[in-house]
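There are 2 protein chains.
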Amino acid sequence: MSDKVTREAQIARDVGIVEAGLDSGSLSNVRYLLNFSLPPADIADLIEASTPQERQVIWKLLKEKHRGEVLSELAEDVAGDFLENMAPKELAEVTADLDTDDIADILQQLPATLTAQVLHSMRAQDRQRVERVLGYSDDVAGGLMNTDTVSVRPHVTVKTALRYFRQLPALPQIFDSLLVVNTDDRLLGSVSVNSLLTADPSTEIKALMDEEPVSINVDMASMKVALLFEKRDLVSAPVVDGDGCLLGRITVDDIVDLYRDEAENHIMERAGMDAEQDTFAPVMKTQRRRAVWLSINLVAAFMAAAVIGLFEATIEQFVALAVLQPIVASMGGIAGNQSLAIMIRAQVLGQINRGNIGWLFSREVRAGLLNGVLFSVLVGVIAWFWFEHAALSWVIAMALVVNLFIAAVAGVLTPMLLQRFKIDPALAGGVLVTTLTDVGGFFTFLGLATIILVH
Amino acid sequence: MSDKVTREAQIARDVGIVEAGLDSGSLSNVRYLLNFSLPPADIADLIEASTPQERQVIWKLLKEKHRGEVLSELAEDVAGDFLENMAPKELAEVTADLDTDDIADILQQLPATLTAQVLHSMRAQDRQRVERVLGYSDDVAGGLMNTDTVSVRPHVTVKTALRYFRQLPALPQIFDSLLVVNTDDRLLGSVSVNSLLTADPSTEIKALMDEEPVSINVDMASMKVALLFEKRDLVSAPVVDGDGCLLGRITVDDIVDLYRDEAENHIMERAGMDAEQDTFAPVMKTQRRRAVWLSINLVAAFMAAAVIGLFEATIEQFVALAVLQPIVASMGGIAGNQSLAIMIRAQVLGQINRGNIGWLFSREVRAGLLNGVLFSVLVGVIAWFWFEHAALSWVIAMALVVNLFIAAVAGVLTPMLLQRFKIDPALAGGVLVTTLTDVGGFFTFLGLATIILVH
Numbered sequence: 001m002s003d004k005v006t007r008e009a010q011i012a013r014d015v016g017i018v019e020a021g022l023d024s025g026s027l028s029n030v031r032y033l034l035n036f037s038l039p040p041a042d043i044a045d046l047i048e049a050s051t052p053q054e055r056q057v058i059w060k061l062l063k064e065k066h067r068g069e070v071l072s073e074l075a076e077d078v079a080g081d082f083l084e085n086m087a088p089k090e091l092a093e094v095t096a097d098l099d100t101d102d103i104a105d106i107l108q109q110l111p112a113t114l115t116a117q118v119l120h121s122m123r124a125q126d127r128q129r130v131e132r133v134l135g136y137s138d139d140v141a142g143g144l145m146n147t148d149t150v151s152v153r154p155h156v157t158v159k160t161a162l163r164y165f166r167q168l169p170a171l172p173q174i175f176d177s178l179l180v181v182n183t184d185d186r187l188l189g190s191v192s193v194n195s196l197l198t199a200d201p202s203t204e205i206k207a208l209m210d211e212e213p214v215s216i217n218v219d220m221a222s223m224k225v226a227l228l229f230e231k232r233d234l235v236s237a238p239v240v241d242g243d244g245c246l247l248g249r250i251t252v253d254d255i256v257d258l259y260r261d262e263a264e265n266h267i268m269e270r271a272g273m274d275a276e277q278d279t280f281a282p283v284m285k286t287q288r289r290r291a292v293w294l295s296i297n298l299v300a301a302f303m304a305a306a307v308i309g310l311f312e313a314t315i316e317q318f319v320a321l322a323v324l325q326p327i328v329a330s331m332g333g334i335a336g337n338q339s340l341a342i343m344i345r346a347q348v349l350g351q352i353n354r355g356n357i358g359w360l361f362s363r364e365v366r367a368g369l370l371n372g373v374l375f376s377v378l379v380g381v382i383a384w385f386w387f388e389h390a391a392l393s394w395v396i397a398m399a400l401v402v403n404l405f406i407a408a409v410a411g412v413l414t415p416m417l418l419q420r421f422k423i424d425p426a427l428a429g430g431v432l433v434t435t436l437t438d439v440g441g442f443f444t445f446l447g448l449a450t451i452i453l454v455h
Numbered sequence: 001m002s003d004k005v006t007r008e009a010q011i012a013r014d015v016g017i018v019e020a021g022l023d024s025g026s027l028s029n030v031r032y033l034l035n036f037s038l039p040p041a042d043i044a045d046l047i048e049a050s051t052p053q054e055r056q057v058i059w060k061l062l063k064e065k066h067r068g069e070v071l072s073e074l075a076e077d078v079a080g081d082f083l084e085n086m087a088p089k090e091l092a093e094v095t096a097d098l099d100t101d102d103i104a105d106i107l108q109q110l111p112a113t114l115t116a117q118v119l120h121s122m123r124a125q126d127r128q129r130v131e132r133v134l135g136y137s138d139d140v141a142g143g144l145m146n147t148d149t150v151s152v153r154p155h156v157t158v159k160t161a162l163r164y165f166r167q168l169p170a171l172p173q174i175f176d177s178l179l180v181v182n183t184d185d186r187l188l189g190s191v192s193v194n195s196l197l198t199a200d201p202s203t204e205i206k207a208l209m210d211e212e213p214v215s216i217n218v219d220m221a222s223m224k225v226a227l228l229f230e231k232r233d234l235v236s237a238p239v240v241d242g243d244g245c246l247l248g249r250i251t252v253d254d255i256v257d258l259y260r261d262e263a264e265n266h267i268m269e270r271a272g273m274d275a276e277q278d279t280f281a282p283v284m285k286t287q288r289r290r291a292v293w294l295s296i297n298l299v300a301a302f303m304a305a306a307v308i309g310l311f312e313a314t315i316e317q318f319v320a321l322a323v324l325q326p327i328v329a330s331m332g333g334i335a336g337n338q339s340l341a342i343m344i345r346a347q348v349l350g351q352i353n354r355g356n357i358g359w360l361f362s363r364e365v366r367a368g369l370l371n372g373v374l375f376s377v378l379v380g381v382i383a384w385f386w387f388e389h390a391a392l393s394w395v396i397a398m399a400l401v402v403n404l405f406i407a408a409v410a411g412v413l414t415p416m417l418l419q420r421f422k423i424d425p426a427l428a429g430g431v432l433v434t435t436l437t438d439v440g441g442f443f444t445f446l447g448l449a450t451i452i453l454v455h
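Heads up: the protein sequence lines correspond to chains Z and P, in order.
Residue numbers for the first sequence follow full-length UniProt numbering, so the first one is 1 and each next one is one higher.
Residue numbers for the second sequence follow full-length UniProt numbering, so the first one is 1 and each next one is one higher.
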């Protein structure tokens, strides 16, 4: 291994050759690398990083037998472009060798009538397995599971189990424990591969069995499943129904995907976008999606403008107010989003409970007020040097204290309210908190100015 | 299993009992559950979700032998509070049974002199292993790896390998493949546990060996390692030095932790915060950290105010300008952050290359201009109904188009520039883009107003 190029370096080089080949149009090399050298995940990355035209070229060069795995690695949006043009029979063939959860993911993107046709084109056994997973959404354990488990009865010996393994077409790729079930398919326990490797072949499975393995109810929320994998350092876990019967298995590779998606989601959410929104989508599609978020913000901006409008007469007398007003609003926005981020993180980690919410709330308010006082002194002094108007300095200083208090309250309460109404706080929280601190900031600043400077 | 409460349900119940016990002060039950029932990760969660006083109570009730594992699960900030009060000898004992990467993580939080003392208190062999990992930062593969690998020579038989396994104190907890090395410790390949389980005992290891396993250079960036695990669905991977010699092993549980941290980071970054910033830290600590980000924003806000100040005379004549100015700035801020999010995600995924950056840039600009035109018409019409001043409507409409163009350019170029200067775009990008669109928005809107309305 040390004298030759590592596999990963070779893949990186091949990706470079494909990119150059697509640019120059010399495609024979590209076709070879796509079908005989590059792994599916890298082909998917290559497709996602290509312009819409190049994507079609890559897809056409790709042999049918590779298309299924590439499809399962692609972002939904990009996969959708290819799915539209595939016949149900072709799709059934292309996806035949995928894991059941991956097939279900792909089918869920199709219109219901088309899904039925694809299922109809499958072998009976495959159809049954896929239909079982299709019954569950991606948000719960059932949607993450594979139905191809390996299980044995408790009274067989290790030797018998190993003989059984050799008869299977293949052991699952991620195989860290053997599941043990009774004749009703109820999960009794699990045996780690480590025990299987080191046990005497005549040992009964029962003797090696962990009787309290982590098991996952089919209805458990996906993010809870992910947290469980993280907490217990799991590689795989059995999925059971309400009666404890074995339905399938979740493997850590799907959890890694889930967390990666989660990380991406948080990048996109701060701009009100969906992670599946595709970097390389056509302009019109992009523009339409973003317009939704801009519209929501426009309503918020007009609300802020309306508040300023209430104080037109005051601003006419003191134009300095128009100059300083963004400072109060923007400082409040930042402080509010700081409290919001702390709360969202705590919600995601399940750290908030009745016992500590009061303490948490008071801490945010105290931190907000402390920073309010600190920055009000600073801004007050700068404003005094700038406009040499003592009363104006007092007004902006007081407005800052009030708005940082509003920010702390809004930052803590908004995510709690949104969660109660089942709206994702990470998505809607930012624009709501910013609106509250904008409106609050303008109202406090211009209102105080009207009282103190005008009257 | 089906007739009794599952292990997870029992843990959840026990956590509830501990929380109630801490509230009421009846601690004997709490002590029992902490030391004989709850897994370390759940104790760590419990500590993180407790107030600073309760944390000390839990820590004191926890037996020494459990403290090491709990420490390795805690957020840095919270762990730091306990580490401060521990003697080097106690720390060496408490961490003795942890994985090398976990010990290294804990030691890296200590002052250098203290680290040396803790290392000195360790057994010689442990010290050597930990020192090897301590040489690498958390940002590279070396910092993630465990040094306790299991490896064999290529010419031994499966039977011999299995006998060797039985002599080890224990096989590693996550063990999906056996590494094969030559006498110089160079990595030759790997054998999957699946092959070991199903092979005839007399088979030579060499015959089962994958000669091109994924191997990770010790200097590879952690996020690249994580992407590799995700792409190849890995459970573990060997770490090698520049000569291909085996140094250690990275397991998927550390990758899951990495991705979870990444997801948390993105939640916090949008408010300029660090994920290790602790939800339950004392007020003063919290306030000081947030003040840094508020200060940066204050500079940006004063820059925006200064731009408005340039146009005081114009605003004096048309107070409606002060009312409408936040609309132009905030729409630009949203649009800019949308482009920014797309770019950051593409950077994280390594989707940007020389071949597509031009296409991407032009797409962002076109999408920005399209939305600019759309919203300028909308805002122009609303402004006309509000102020019944045609020229003013034209001014805000034009300013919006220009600012959404600025937003697209800033959203694409800012992350590229930041990356070149090795500043995290996810952290600093938001405040920079918002500053550019604020300043640009105010300047365009008030500047156009001065030209069109005053002159």
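Note that these hints are calculated values from the structure, not bench results.
Among the clues, some could well be false.
Since the list gives no way to pick one copy over another, a pair counts as held whenever it fits inside one copy or between any two copies.
[Unchecked claim] Computed cross-link-like contacts, EDC-like style, restricted to lysine to aspartate or glutamate with a CA-CA straight-line distance of at most 20 Å:
id	residue 1	residue 2
1	K231	D200
2	K63	E131
3	K231	E48
4	K63	D126
5	K63	E19
6	K231	E69
7	K231	D45
8	K60	D81
9	K89	D233
10	K231	D257
11	K159	E54
12	K159	D274
13	K231	E8
14	K63	D274
15	K422	E312
16	K285	D23
17	K231	E76
18	K231	D261
Practice prompt. First find the shortest C-alpha distance between K231 and D257 inside one copy, then the shortest across copies, and answer within, between, both or neither for a cut-off of 20 Å.
Written response: both (17 Å within a copy, 9 Å between copies)
Discussion item. Please sort K422 with E312 into within, between, both or neither, judging by C-alpha distance up to 20 Å.
Written reply: neither (39 Å within a copy, 46 Å between copies)
Worksheet item: Checking K231 and E76: alpha-carbon separation at most 20 Å within a copy, between copies, both or neither?
Response: Between copies, since 16 Å is at most 20 Å while 29 Å is not.
Worksheet entry | K231 and E8: within-copy, between-copy, both or neither at 20 Å Cα | between (30 Å within a copy, 11 Å between copies)
Worksheet item: Taking 20 Å as the upper bound on the Cα-Cα distance, should K231 and E69 be classified as within, between, both, or neither?
Response: between (30 Å within a copy, 12 Å between copies)
Item to complete: Could you place K231 and D200 in one of the four classes (within, between, both, neither) given a Cα distance threshold of 20 Å?
Response: Answer is neither; intra-copy 32 Å and inter-copy 37 Å both fail.
Worksheet item: For the identical chains here, do K231 and D45 meet the 20 Å Cα criterion within one copy, between copies, both, or neither?
Response: between (30 Å within a copy, 9 Å between copies)
Discussion item. Treating 20 Å as the Cα threshold, decide for K159 and E54: within, between, both or neither.
Written reply: neither (53 Å within a copy, 52 Å between copies)
Fill in: Intra- versus inter-subunit Cα pairing at 20 Å for K63 with D274
neither (31 Å within a copy, 46 Å between copies)
Worksheet entry | Homomeric proximity label, K231 with E48: Cα distance no greater than 20 Å | Close across copies (14 Å), not inside one copy (33 Å); limit 20 Å.
Worksheet item: Is the C-alpha distance from K159 to D274 at most 20 Å within one copy, between copies, in both cases, or in neither?
Response: Close neither inside one copy (51 Å) nor across copies (53 Å); limit 20 Å.
Discussion item. At most 20 Å between alpha carbons: which applies to K89 and D233, within, between, both or neither?
Written reply: neither (40 Å within a copy, 28 Å between copies)
This entry does not satisfy hints 1, 2, 4, 9, 11, 12, 14, 15 and 16, going by the numbered hints stated previously.
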